[in-house]
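With the hints as extra help, turn the sequences into a complete structure.
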Amino acid sequence: SQQGEEDPQALSIQEGENATMNCSYKTSINNLQWYRQNSGRGLVHLILIRSNEREKHSGRLRVTLDTSKKSSSLLITASRAADTASYFCATDHFTSGTYKYIFGTGTRLKVLA
Amino acid sequence: DSGVTQTPKHLITATGQRVTLRCSPRSGDLSVYWYQQSLDQGLQFLIQYYNGEERAKGNILERFSAQQFPDLHSELNLSSLELGDSALYFCASSPGGKSYNEQFFGPGTRLTVL
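Protein chains in written order, with our numbering: chain A, 2 to 114; chain B, 10 to 123.
Hints were generated in silico from the structure; no laboratory data involved. Quick caveat, the model's predicted, so the values are computed rather than measured. Virtual Cβ for every residue (Gly too), placed ideally from N, Cα, C. Just so you know, not all the hints are guaranteed correct.
[Unchecked claim] Taking CB as the label site, the calculated pair distances span: (1) 8(A) with 78(B): 34 to 44 Å; (2) 76(B) with 17(A): 41 to 51 Å; (3) 92(B) with 39(A): 25 to 35 Å; (4) 83(A) with 26(B): 34 to 44 Å.
[Unchecked claim] Footprint (simulated), chain A over chain B, 3 or more residues, beta carbon under 8 Å: (5) 52-58; (6) 96-108.
Okay, structure coming up:
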């Protein structure tokens with residue numbers, strides 16, 4: 002079963018607005034990463050935040066991590082039509098002697114020009 | 010273009026059959042990961058190899074197997090195929106084997122089981 006749940010499932014905004022997506026997970030993690038996927042294509046890595054970090058920035062992206070609430074958020078500022086895609090959070094944790102990578106259910110973002 | 014290549018792009022086969030999906034990682038990357046993406050299950054991690062050795066294992070069925078060869082390319086073998094195996098199969102690669110390594114995804118192989 003999926004550990005990550007993302008909220009909202011779908012989001013539609015106007016170009017120039019900010020988009021916020023949330024991710025919740027169930028077990029303790031080592032790292033959390035955000036990926037973008039254009040329809041039917043491979044995922045593209047956006048940003049990684051380690052479990053001991055609380056906030057990270059990369060260009061128009063801002064990621065926060067709250068390990069006490071087991072949640073993360075991805076903020077895209079000044080959105081563009083090209084940001085239209087699905088966004089996934091991915092966590093990795095060590096269990097039963099091995100690492101597991103678990104992806105969330107994704108948020109479908111549509112940015113209207 | 011991530012530099013990761015996957016073949017074939019599309020594959021249509023029948024239930025009960027066996028198929029092999031191929032992945033070539035980015036030049037210099039030692040780790041290869043396999044994922045399955047379907048509408049009902051979402052994106053599921055299957056398995057990771059690092060420099061020829063299995064490094065991490067996810068929700069990979071016993072009917073599925075993978076290996077990484079000395080030239081670092083990898084193959085995912087799916088046997089006794091069922092309708093529910095229809096999905097997009099992604100391969101990703103990373104330079105190292107650590108969980109914090111950024112993964113670079115290939116374009117995927119779309120498998121349709123009829």
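Quiz item: So the hint says 25 to 35 Å: do the beta-carbon atoms of residue 92(B) and residue 39(A) match that?
Solution: 27 Å, holds
Practice problem: Return holds or violated for the Cβ distance of residue 76(B) and residue 17(A) against the range 41 to 51 Å. | Solution: For residue 17(A) against residue 76(B), whose Cβ atoms are near 49 Å apart, the range 41 to 51 Å holds.
Quiz item: Do three or more residues from the segment 96-108 of chain B put their C-beta atoms closer than 8 Å to C-beta atoms of chain A?
Solution: holds (count 4)
Quiz prompt | C-beta pair residue 8(A), residue 78(B): status relative to the range 34 to 44 Å that was hinted | solution = At 41 Å between Cβs, range holds.
Self-check item: residue 83(A) paired with residue 26(B), Cβ distance criterion 34 to 44 Å
Solution: Distance hint for residue 83(A), residue 26(B) holds at roughly 40 Å.
Quiz item: Taking a Cβ-Cβ distance under 8 Å as contact, does the segment 52-58 of chain B have three or more residues in contact with chain A?
Solution: holds (count 4)
Checked against the numbered hints listed earlier, the structure breaks none of them; every hint is satisfied.
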